[in-house]
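Engineer: Please work from the sequences and hints to get the whole structure.
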Amino acid sequence: MRLTCPICGERDRREFYYKGDAIELDRPNQDAGLAAWDDYLHNRDNSAGEIRDLWHHAAGCGAWLIVTRNTLTHAVSRCELVEKDTR
Amino acid sequence: MGYSAFKVIKEGLFGQRGWKPVWRDPDPKPKYDVVVIGGGGHGLSTAYYLAKEHGITNVAVLEKGYIGGGNVGRNTTIVRANYMLPGNSEFYSHSLKLWENMEQDLNYNTMMSQRGVMMLCHSDGQRDLFARRGNSMVNQGDDAELLTPEQVRAEAPMIDFDNVRFPIYGGLMHRRGGTARHDAVAWGYARGADQRGVDLIQNCEVTGIDIEGGVVKGVQTTRGGIRAKKVAIVVAGRSSLVAGMAGMRLPIESHVLQAFVSEGLKPIMPGVISFGMGHFYISQSDKGGLVFGGDLDFYKTYAARGNLPMKEHVMDAAMTLMPSIAKAKVLRSWGGIMDMSPDGSPIIDKTETDGLFLNCGWCYGGFKAVPGSGFSYAHLIATGNHHAPAARYRLDRFRTGVGLMDEEGTGSQHNLH
Ligand SMILES: Cc1cc2nc3c(=O)[nH]c(=O)nc-3n(C[C@H](O)[C@H](O)[C@H](O)COP(=O)(O)OP(=O)(O)OC[C@H]3O[C@@H](n4cnc5c(N)ncnc54)[C@H](O)[C@@H]3O)c2cc1C
Ligand SMILES: [Zn+2]
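Protein chains in written order, with the working numbering: chain A, 1 to 87; chain B, 1001 to 1417.
In short, the hints are calculated from the structure, not lab data.
Each residue gets a CB set at the ideal place from its N, CA and C atoms; glycine is no exception.
Please note that a few of the clues may not be correct.
What the hints assert, rightly or not - One side only, chain B facing chain A, incomplete, derived with CB under 7 angstroms: (1) PHE1161; (2) GLY1225; (3) ILE1252; (4) GLU1253; (5) TYR1299; (6) HIS1313; (7) PRO1342; (8) GLY1411.
Structural biologist: In structure tokens form, the structure reads like this:
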């Protein structure tokens, strides 16, 4: 598996640390309640198909990336910098 | 059909023509008392114990592919009860006892071999931890022996004792642990369930779960709708997808775990050895192949195949443990989809829907749980009450934070187990 870091270019999977679902960017408010925090911390869509995950270019530029990847084929369709995430 | 030495000899004399299919291949009926979704080890043992322990025989096991095609036929067959935390400790202890009586119970040779599981330690701290773990195992009523390096050498002379990074400080030996033939376990439970009237329905994928007013009514499948009073989800790596059909979002991520087997060799491994470099472990099958594996690939996936970095890591670990392995050729490698929970421990529970039950989160350790999980799940489905050895496997422990079972002590968080 290879990921294309927007800063460094295409690099081997070994250079990246995997964090998990990009839901981790949507941190709830402190008073959002138990259900919202449970969803954020534990519950996952875990879809078969396209998903968005957080990867860290640990052995490269150190940027956090949002990688859109297909969990059935391993095909990577997008790699964007978290700081450019404009959702 | 029963098995006996007489039957084996008779068939040997007459060209093996008298063997018949071991279970029926029925069409689904319109309605069952219990529908079990998933014909893996856990689904089959659940159906078996529903029939045997609770007399509930109007049961169907719906399997998307074929019996034994999932993780139950892909694992590295290690059976053990060397857990430390309350919750896991009593559960795996109960499961190991069922393993010890499985062949007699099923009248089926599952090749259960208690050849011992030895965990190696590489520092004073790790040895202290093993002493503590061993004491919890003994307190639970299971067996554990703390071995000195000399005792480890007597068990396994071929490993490298002087590696700079992973010197051998001793080991924790669990002699009642060992290996079993994974396919035979699936087939034995399948046959036992079928003989008691359970319908095993293959090539039948569940595509929807029917719920009315908070009560489960049945399932939709690729072979039509089937009504059921109770529905039991037990689909391992696909748990999130099937639970999603009932509107649930689970604390589960699906990851791939790879395993490897070498060409057949003369006996060299005494039993199962686990090594402190990552999760590396190794044993030798009765055919002589070295069976070994390590950690997850560590990214979510539903593709039952892994990438090269973990293959390299596992080979490195094998070489570090026993350099003599260098000349053995790897015959094949494969992967299976693991249902990873945040704390690394499983879930056997009811759901918010009446009559709908959930069994998942076995991570990379659910083969040894096949008998215990089926036994406890059947108890929950039949009686509505949690079975004592599995009573702590609650779904809400993540939300409440009460009763988390983080056996590795790394934190209850996705990506840490
Ligand atoms: C490489 C590897 C090594 C392992 N080593 C060990 C080990 O040494 N010791 C140990 O204890 N554990 C080990 N495990 C873990 C163990 O194999 C699993 O935890 C366990 O087998 C999971 O339970 P199961 O047998 O019921 O799963 P499975 O056999 O995967 O059964 C689930 C079934 O559900 C079916 N299904 C899915 N979706 C649907 C649907 N919609 N409709 C109908 N059916 C569906 C699937 O087709 C599948 O057959 C290992 C796993 C792997 C992959
Ligand atoms: Zn980079």
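Engineer: So, as I understand it, the hint says GLY1411(B) touches chain A; can you test that by seeing if any CB pair is closer than 7 angstroms?
Structural biologist: Since the shortest Cβ distance to chain A is 11 angstroms, the answer is violated.
Engineer: Once the shortest beta carbon distance from PHE1161(B) to chain A is found, is it less than 7 angstroms?
Structural biologist: Violated, about 30 angstroms.
Engineer: Against chain A, with CB atoms and a cut of 7 angstroms, does the hint on TYR1299(B) hold up?
Structural biologist: This hint holds: TYR1299(B) lies near chain A, its Cβ roughly 5 angstroms from the closest one there, short of 7 angstroms.
Engineer: Take the shortest C-beta to C-beta distance between GLY1225(B) and chain A; is it under 7 angstroms?
Structural biologist: violated, 23 angstroms
Engineer: Given a cut of 7 angstroms on the nearest C-beta pair, is the interface hint for HIS1313(B) held or broken against chain A?
Structural biologist: violated, 10 angstroms
Engineer: Using the nearest Cβ pair, does GLU1253(B) come within less than 7 angstroms of chain A?
Structural biologist: Holds, about 6 angstroms.
Engineer: Can you verify the interface hint for PRO1342(B): is its Cβ closer than 7 angstroms to any Cβ in chain A?
Structural biologist: holds, 5 angstroms
Engineer: Closer than 7 angstroms between Cβ atoms is the bar; does ILE1252(B) clear it against chain A? Give me holds or violated.
Structural biologist: holds, 6 angstroms
The earlier numbered hints that this structure contradicts are 1, 2, 6, 8.
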